[in-house]
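Take the given structure of chain Y and dock chain E to it, following the hints.
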Amino acid sequence: MTRRTEFLLNGSLRLALHTLAEGEGRPLLLLHGLGEQSPRTRPAWTNAWNGPVLALDFTGHGESEVPVSGGYTPEGLMSDVDAVLADRGPVTIVGRGFGAWVGLLVAGARTSLVHGVVLFDGSGIVGGGPQPPTPYVNVLPASGSVTPDPYALLELSRDPRPPDYALDYVRFVLEDSDIEHPIVVSARIRPDWLAAVAADIGVIELPLEQAIESFA
Amino acid sequence: MKSTAIGNTDRRWRRPRLANVPETDQTREFPGAKAPDRTGSIDSSGLRLALNEWGDPDAPVIAMVHGGFDFSRTFDVFAPMIAEAGWRVVAWDARGHGDSDHAHLYGWAADVRDHLAAIQSISSEPIVLLGHSKGGGQLLDLLDGRPSLARAFVNLDGLPSQFSSPDVNDRERRRMRRADLASGLDRRRRRAELTRRPDTIEGLAERRQPMNPRLSREWLEYLVTVGARHDDEGWRWKIDPVLHLGGFGPWRPGWSLDHLAALEMPFLGVLSGVQDDPMGWKSRRGDIEPFLPPGGQLEFYDEIGHFLHIEQTRFIADLVLKFLEPHR
Chain Y
4 MTRRTEFLLN GSLRLALHTL AEGEGRPLLL LHGLGEQSPR TRPAWTNAWN
54 GPVLALDFTG HGESEVPVSG GYTPEGLMSD VDAVLADRGP VTIVGRGFGA
104 WVGLLVAGAR TSLVHGVVLF DGSGIVGGGP QPPTPYVNVL PASGSVTPDP
154 YALLELSRDP RPPDYALDYV RFVLEDSDIE HPIVVSARIR PDWLAAVAAD
204 IGVIELPLEQ AIESFA
Chain E
1152 MKSTAIGNTD RRWRRPRLAN VPETDQTREF PGAKAPDRTG SIDSSGLRLA
1202 LNEWGDPDAP VIAMVHGGFD FSRTFDVFAP MIAEAGWRVV AWDARGHGDS
1252 DHAHLYGWAA DVRDHLAAIQ SISSEPIVLL GHSKGGGQLL DLLDGRPSLA
1302 RAFVNLDGLP SQFSSPDVND RERRRMRRAD LASGLDRRRR RAELTRRPDT
1352 IEGLAERRQP MNPRLSREWL EYLVTVGARH DDEGWRWKID PVLHLGGFGP
1402 WRPGWSLDHL AALEMPFLGV LSGVQDDPMG WKSRRGDIEP FLPPGGQLEF
1452 YDEIGHFLHI EQTRFIADLV LKFLEPHR
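These protein sequence lines map, in sequence, to chains Y and E.
This note's numbering numbers the first residue of the first sequence as 4 and each following residue consecutively.
This note's numbering numbers the first residue of the second sequence as 1152 and each following residue consecutively.
These are calculated hints, taken from the structure and not from any lab test.
The beta carbon of each residue, even a glycine, is placed where N, CA and C say it ideally should be.
Misleading hints may appear alongside valid ones.
[To be verified] Computed, partial: chain E to chain Y, Cβ under 10 Å:
hint: 1; residue: Asp-1262
hint: 2; residue: Val-1263
hint: 3; residue: Arg-1302
hint: 4; residue: Phe-1451
[Unchecked claim] Distance windows between CB atoms, simulated:
hint: 5; chain 1: Y; residue 1: Gly-131; chain 2: E; residue 2: His-1478; range: 27 to 35 Å
hint: 6; chain 1: E; residue 1: Glu-1369; chain 2: Y; residue 2: Ser-15; range: 52 to 60 Å
hint: 7; chain 1: Y; residue 1: Leu-209; chain 2: E; residue 2: Ser-1299; range: 31 to 39 Å
hint: 8; chain 1: Y; residue 1: Glu-178; chain 2: E; residue 2: Ser-1299; range: 44 to 52 Å
hint: 9; chain 1: Y; residue 1: Gly-132; chain 2: E; residue 2: Ser-1299; range: 40 to 48 Å
hint: 10; chain 1: E; residue 1: Arg-1358; chain 2: Y; residue 2: Glu-66; range: 40 to 48 Å
hint: 11; chain 1: E; residue 1: Glu-1415; chain 2: Y; residue 2: Ala-219; range: 51 to 59 Å
hint: 12; chain 1: E; residue 1: Pro-1361; chain 2: Y; residue 2: Asp-90; range: 32 to 40 Å
hint: 13; chain 1: Y; residue 1: Gly-132; chain 2: E; residue 2: Pro-1277; range: 24 to 32 Å
hint: 14; chain 1: Y; residue 1: Pro-93; chain 2: E; residue 2: Glu-1384; range: 37 to 45 Å
hint: 15; chain 1: E; residue 1: Glu-1353; chain 2: Y; residue 2: Ile-207; range: 56 to 64 Å
hint: 16; chain 1: E; residue 1: Asp-1409; chain 2: Y; residue 2: Asp-90; range: 38 to 46 Å
Chain Y on its own, in the form it takes in the complex (with noise of 0.2 Å):
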């Protein structure tokens, strides 16, 4: 099918959350890259899941609109995937790159919303590092409603992403989750936070499609 966008609002902001495959269920959640937006149609890889498929554009990112001056964290953007949550409540998220980290940390912070979490590869998965990097610190023109802005490409590879930061959010997910693995890990680039989350006995590692498979 050709996906059908609907915008939601987070404060002031549109969001474009995409439909890429109808279905009934609980739906499964796509969160793209570092300055990708969501895909047009449905991967090949969510073939095996019945339910809806829906995929959002993170602020700054695809349709989505452009804030004034940046300001961009992963603790900032939760609040674009808690916007969905809060519109089709509970999800299974596949989260590629920069959006398997904000789908963990979204995981831990809403886990009565969150059925599982599948953290794969993509733009953005190494973040800044477990430790902030060299500083660098430049004020960039307005950028207007261009995707991907900017300041959203500056802000968010540059977010320190320290290994325990991670997996206090892992904590939160297995203490609170009633699936037994709610947490999969089918990523093969391991940055240290990712290494520290595939390690964790509650973790385990499975390819795409069989992880998407388990949670539906």
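Quick look at chain E alone, frame taken from chain Y:
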């Protein structure tokens, strides 16, 4: 209050087009408090930041950066004292604070970048920078990346210590983070309907008192009249209601100390030793000293609270002025 946008010029000391501040009958009196001599705004990638100035516009510049949940008018007593000693004092409101625009997104890095935009609008030459609390911590980050901005740096109780919360175990820290996350997301869900609760001047001052228990009620009531706005229902703080304390993400105090050790310019750090001041950073001399830059000066006062420059204004102003004397 009339204000004018600031334009960059090529002068060494940039001379923004600022408006004189008219007297207002809404401001309460407070001993030594003085409204800014000039007010205006600067642009940070499309976001308007309100800016205030005290003192001779031709004097050497010292820029002051306020802390979290404060605003530039909290310098209304301290700044005039520095200005009277021959300085042009410039201070701006952080995004979402005071008279600056509310933003869609907030973050430490964005604040740091806003400070850069403000400083670049003020001067093309190195100036003196002073930051209190979170403002001081953010200037540490900025100056590690942009050391040429400052010819001297004063940090007022904005030096976080990795040893300052030894009584918080991992489990408790996780519980606090989790509660903070949930409340932050809930607040953003309700963002469209969030407003600051209206009250009387006395009522707003009373509600702020738990954050500032060592500051007088007279001062807090004065702050209401310069940090809140009045409408049909009463006074409301101007700060964006979506903002809340905490929410620093994975930020670690040790990261700021790395920035401190990297500083090159003359440095004065002033620490409050009061351990039960709720907004205080609770760093001790021994936590910070190993990270002082070469030649750096560190002062520690165990009888003065986190808002040193408000609680003991004359004493702290004299300390700062003495430090700055060789750097005029």
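Status of the hints after comparison with the structure:
no.: 1; hint: Asp-1262; in the structure: 8 Å, holds
no.: 2; hint: Val-1263; in the structure: 6 Å, holds
no.: 3; hint: Arg-1302; in the structure: 18 Å, violated
no.: 4; hint: Phe-1451; in the structure: 27 Å, violated
no.: 5; hint: Y:Gly-131 - E:His-1478: 27 to 35 Å; in the structure: 34 Å, holds
no.: 6; hint: E:Glu-1369 - Y:Ser-15: 52 to 60 Å; in the structure: 38 Å, violated
no.: 7; hint: Y:Leu-209 - E:Ser-1299: 31 to 39 Å; in the structure: 51 Å, violated
no.: 8; hint: Y:Glu-178 - E:Ser-1299: 44 to 52 Å; in the structure: 48 Å, holds
no.: 9; hint: Y:Gly-132 - E:Ser-1299: 40 to 48 Å; in the structure: 26 Å, violated
no.: 10; hint: E:Arg-1358 - Y:Glu-66: 40 to 48 Å; in the structure: 42 Å, holds
no.: 11; hint: E:Glu-1415 - Y:Ala-219: 51 to 59 Å; in the structure: 58 Å, holds
no.: 12; hint: E:Pro-1361 - Y:Asp-90: 32 to 40 Å; in the structure: 36 Å, holds
no.: 13; hint: Y:Gly-132 - E:Pro-1277: 24 to 32 Å; in the structure: 30 Å, holds
no.: 14; hint: Y:Pro-93 - E:Glu-1384: 37 to 45 Å; in the structure: 39 Å, holds
no.: 15; hint: E:Glu-1353 - Y:Ile-207: 56 to 64 Å; in the structure: 59 Å, holds
no.: 16; hint: E:Asp-1409 - Y:Asp-90: 38 to 46 Å; in the structure: 42 Å, holds
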